[in-house]
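Number of protein chains: 2
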Amino acid sequence: MEEQIDLVGKAFADHYYHLFDNDRPALSSLYKPSSMLTFESHKIQGVEDITAKLTSLPFDQCRHVISTIDSQPSFSGGIVVFISGSLQLPGEEHHLRFSQMFHLIPMLEGNFYVQNDIFRLNYG
Amino acid sequence: MEEQIDLVGKAFADHYYHLFDNDRPALSSLYKPSSMLTFESHKIQGVEDITAKLTSLPFDQCRHVISTIDSQPSFSGGIVVFISGSLQLPGEEHHLRFSQMFHLIPMLEGNFYVQNDIFRLNYG
Chain A
221 MEEQIDLVGK AFADHYYHLF DNDRPALSSL YKPSSMLTFE SHKIQGVEDI TAKLTSLPFD
281 QCRHVISTID SQPSFSGGIV VFISGSLQLP GEEHHLRFSQ MFHLIPMLEG NFYVQNDIFR
341 LNYG
Chain B
221 MEEQIDLVGK AFADHYYHLF DNDRPALSSL YKPSSMLTFE SHKIQGVEDI TAKLTSLPFD
281 QCRHVISTID SQPSFSGGIV VFISGSLQLP GEEHHLRFSQ MFHLIPMLEG NFYVQNDIFR
341 LNYG
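In order, the protein sequences belong to chains A and B.
Using our numbering, the final residue of the first sequence is 344, and nothing's skipped along the way.
Using our numbering, the final residue of the second sequence is 344, and nothing's skipped along the way.
It is possible that some hints are incorrect.
Put simply, identical chains are the same to the list, so a pair is met inside one copy or across any two.
With a cut-off of at most 27 angstroms between alpha-carbon atoms, the simulated BS3-like pairs for lysine-lysine come out as follows [claimed, not checked]:
(1) K230 - K263
(2) K252 - K273
(3) K263 - K252
(4) K273 - K230
(5) K273 - K263
Hints are computed from structural coordinates only; laboratory data are not their basis.
Taking the hints into account, I'd like the entire structure generated from these sequences.
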């Protein structure tokens, strides 16, 4: 069971950052109207507003490199996933370290959607 | 509602790190048998094992300084709290940056306990 949770968390993280780096508007498929995103303290709710935020960030191209993925089962069959990594922007010598957490909720079809999403750059 | 969530998240974080820095064994009061802790990729479950882990870390004294607290309501009345900050150890010149997430679940009395706890030092 524990291994299964780790596999789901890893598959989600790979899928999420692949979409982010290659087809950012398609991230909308991972959210629902109830979904919440806190991006660098900015609070956003719902598929449209979250997608608008993610696609209007001040960089077009980026690459996420994952350092760690920690997953745990949550109540009601969900999964919490905690990721650390770095964000590489074109022309930037230094990578930006980030941490991000997701609370994934199962859907009927066996997939998960993102109910909670909190993103922070790591300064210092 | 949103403000209330932020207040609960902040009150929890202040309480948690105050206990951690001043009376670490008392952290056991915040966990239940179902609680899960992932500490630097080490997975632990249950009040006794979590308390044993937290009280056997290789430092006796420490001070957590909180940089950011982000809170969101989760399903079933819970709250997800995402914290970044630094950990100061005696005699260490450099602070250790960390990120930590909690999934808090309400109890009948109006308090919350920690169902999910994931801690990571931020390297890089």
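Hint check results:
In this assembly of identical chains, the alpha carbons of K230 and K263 lie at most 27 angstroms apart whether taken from the same copy (25 angstroms) or from different copies (16 angstroms). Within a single copy, K252 and K273 get their C-alpha atoms as close as 15 angstroms, which meets the 27 angstroms cut-off; across copies the closest is 37 angstroms, which misses it. Within a single copy, K263 and K252 get their C-alpha atoms as close as 15 angstroms, which meets the 27 angstroms cut-off; across copies the closest is 30 angstroms, which misses it. Both within a single protomer and between protomers do K273 and K230 lie at most 27 angstroms apart by alpha-carbon distance, with minima of 24 angstroms and 26 angstroms respectively.
For the identical chains of this complex, K273 and K263 are intra-copy neighbours only, at 10 angstroms inside a copy versus 34 angstroms across copies, given an alpha-carbon limit of 27 angstroms.
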